Amino acid sequence: MSGSDHVREYSSPVKVEVAVESRLPDTLFARAEEEPDAVAFRRQEAGQWRDVTCARFRDDVAAVAKGLIAAGIEHGDRVGLMSRTRYEWTVVDYAVWAAGAVTVPIYESSSEEQVSWILGDSGSRAVFVESPEHAKRVEAARADLPDLGHLWQIDGPDFAEFQRSGEEVADATLDERRTAGTADEIATLIYTSGTTGRPKGCELTHRNLLFTILNAVHGPLEEVFSIEGRSTLLFLPLAHSFARIIQIGCVESRTVMGHFPSTGPEVIDALGSFRPTFLLAMPRVFEKVYNKAEQKAASEGRGRIFRAAADTAVAYSRALDSGRVPLSLRLRHALFERLVYGKILAAVGGQARYSVSGGSALGERLGHFFRGVGLTIIEGYGLTETSAPTCVNSPARNKVGTVGPPLPGVSHRIAEDGEILVKGDHVMRGYWQNAKATEEAFDEDGWYRTGDLGSLDEDGYLTITGRKKEIIVTAGGKNVAPAVIEDRLRSHAIVSQCMVVGDNRNFVSALVTIDPEAFGFWRERNGKSGEIPDMTEDPDLVAAVQEAVDDANKAVSRAESVRKFTILPVDFSEEGGQMTPSLKVKRHVVAKQFSEEIDSLYS
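Throughout, this note's numbering is defined as the position within the sequence shown, counted from one, plus 466.
Calculated from the structure, these hints are not laboratory results. None of the values given here were measured: they were computed from a predicted structure. Among these hints, one or two may not hold up.
[As the list claims (entries may be wrong)] Distance condition first, Cα-Cα at most 30 Å in a straight line; then the derived DSS-like pairs of lysine-lysine:
#, residue 1, residue 2
1, K809, K754
2, K935, K902
3, K1050, K944
4, K758, K1050
5, K1050, K1020
[As the list claims (entries may be wrong)] FRET-style restraints, in silico, Cβ to Cβ:
#, residue 1, residue 2, range
6, R773, K481, 39 to 45 Å
7, K1050, G615, 30 to 36 Å
8, F908, T639, 37 to 43 Å
9, G615, S1039, 31 to 37 Å
10, G769, I734, 17 to 23 Å
11, E500, G615, 32 to 38 Å
12, V1036, S1069, 19 to 25 Å
13, A1057, Q1012, 21 to 27 Å
14, D1006, S1039, 22 to 28 Å
15, G615, F908, 33 to 39 Å
16, V1036, E500, 52 to 58 Å
17, G942, G615, 56 to 62 Å
We put the beta carbon where it would ideally sit given N, CA and C, even for glycine.
Work out the full structure, taking the sequences as your base and the hints as a guide.
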């Protein structure tokens, strides 16, 4: 099982097997019969959170499913869904499954061309959109979409009319359709936003999704999903597989769920009023909570207290790992708990004790900080192709800095070149109508190739060290995985995004963008005027970024450290083409757009 220094392969025993007749909507229909008045969701109406019962949710799902059947949507047909995160997203998703069809999610930020490709490639027969603006993007592509028969809009009177359109469809017809399929039929086609090339549709079955979430909920995340009065507020886009699997997890584990349509600064207020018991977020959200707290303390002249409190939280968390917390540290921690930590937890509603983080790496210091404050961030790792998570830490055994051991029923293997290989019932069937890509995704023994690099410790905990495709090879032949230094740099308040460069060059450099919120605060404190584009060469701003670079360089060897950097006048964004909808940097696009800036670093 083990190689010379590291374990090469590790498997976790399965906890929950999925029966062949299991389907995603089964739980919600069964629960509506068993406990019709139990609360399934809370939705925001006129600034208030209102309860949605299991019976109400079932009725909403049934109405949309009957509307689909009345409109001629057949078993196995694909139905597009393009909307921000809201209650209707979940209703439509479950209704498509209840009608025996396949949901094809589309990011609401997708361009006309992307919408056209996803609806066309999937052969979608109908599409739900949220707004007139989304409808326009679909209409613009309609001439190239011969299969697309229907377009329904969630906002406006048409949606209620659509729900009434299926009133003639008998309950027995819906039940027949809902129970006709098996666990091994496709439930959803999720198109990978891909940092290169055309998006590919991952075929995820009912088994894939149920196996993943049931083994997580009854395995490493049992504590999170079994707290009395458990709830979460979902604000990540549901087109992303990470948010989607949590949606299913809430339905399966009877966890009350709310929706919020944005990941912007206003999400903090929504968390404050919803008061979830656990959070789901990308590392960027935690960086923002930390940076905001630090800036607020500094502006009130309490910067030194905050820094001491942060160092204490980190030391306390590290001491928990060693199994011994010295008395003096316990006393200091108790003091800061009253003065500082409570306020930070209050910012996310005051009830949350756990948060599941994915999407990219959370800095180790930040992980220890939040655990020390009282919010344990549980990191996991996975891909769309693995139905989101393939491994996750547990609250009881949380090795900060790792992404945890494989989920129950899952095996991980480290290939000779360091690539992480995965096996289990959570791995997709293949890519939709793309046999060549499917074949390339698996090795000869049927292991899925993740494209990521990592190592396993003796307990099977995985540490991600980089992406295979992103490895930079310097002119001196040194292999550099940019993720380590980029994640560390991004966690600094002043930095928004960064990209490390240095392929075939003598040393490693970085392109850095400035966080607009942090910039406003920095400018005030430094008595500056001017916007980011005017300040990219300001000596004080350069010095602030240099400080972040010096700190990030501590995480890597000298050959991998950033020697030079340049501050870009604009931030990376989806609109600018530099980011995918799941907020990954498109390296080839950035390299092309800023080729002059890169060249000037080496001239």
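The hints, checked one at a time:
1. K809 with K754: holds (15 Å)
2. K935 with K902: Given pair K935, K902 holds - Cα atoms ~19 Å apart, limit 30 Å.
3. K1050 with K944: holds (24 Å)
4. K758 with K1050: holds (23 Å)
5. K1050 with K1020: Holds. K1050 to K1020 sits at ~24 Å (cutoff 30 Å).
6. R773 with K481: 39 to 45 Å: holds (43 Å)
7. K1050 with G615: 30 to 36 Å: Check passed, 34 Å falls within 30 to 36 Å.
8. F908 with T639: 37 to 43 Å: Given range 37 to 43 Å: holds, Cβ gap about 39 Å.
9. G615 with S1039: 31 to 37 Å: holds (34 Å)
10. G769 with I734: 17 to 23 Å: holds (21 Å)
11. E500 with G615: 32 to 38 Å: holds (37 Å)
12. V1036 with S1069: 19 to 25 Å: holds (22 Å)
13. A1057 with Q1012: 21 to 27 Å: holds (23 Å)
14. D1006 with S1039: 22 to 28 Å: holds (25 Å)
15. G615 with F908: 33 to 39 Å: holds (35 Å)
16. V1036 with E500: 52 to 58 Å: holds (54 Å)
17. G942 with G615: 56 to 62 Å: Holds: the Cβ-Cβ distance is about 59 Å, inside 56 to 62 Å.
Hint check: no violations occur; every hint is consistent with the structure.
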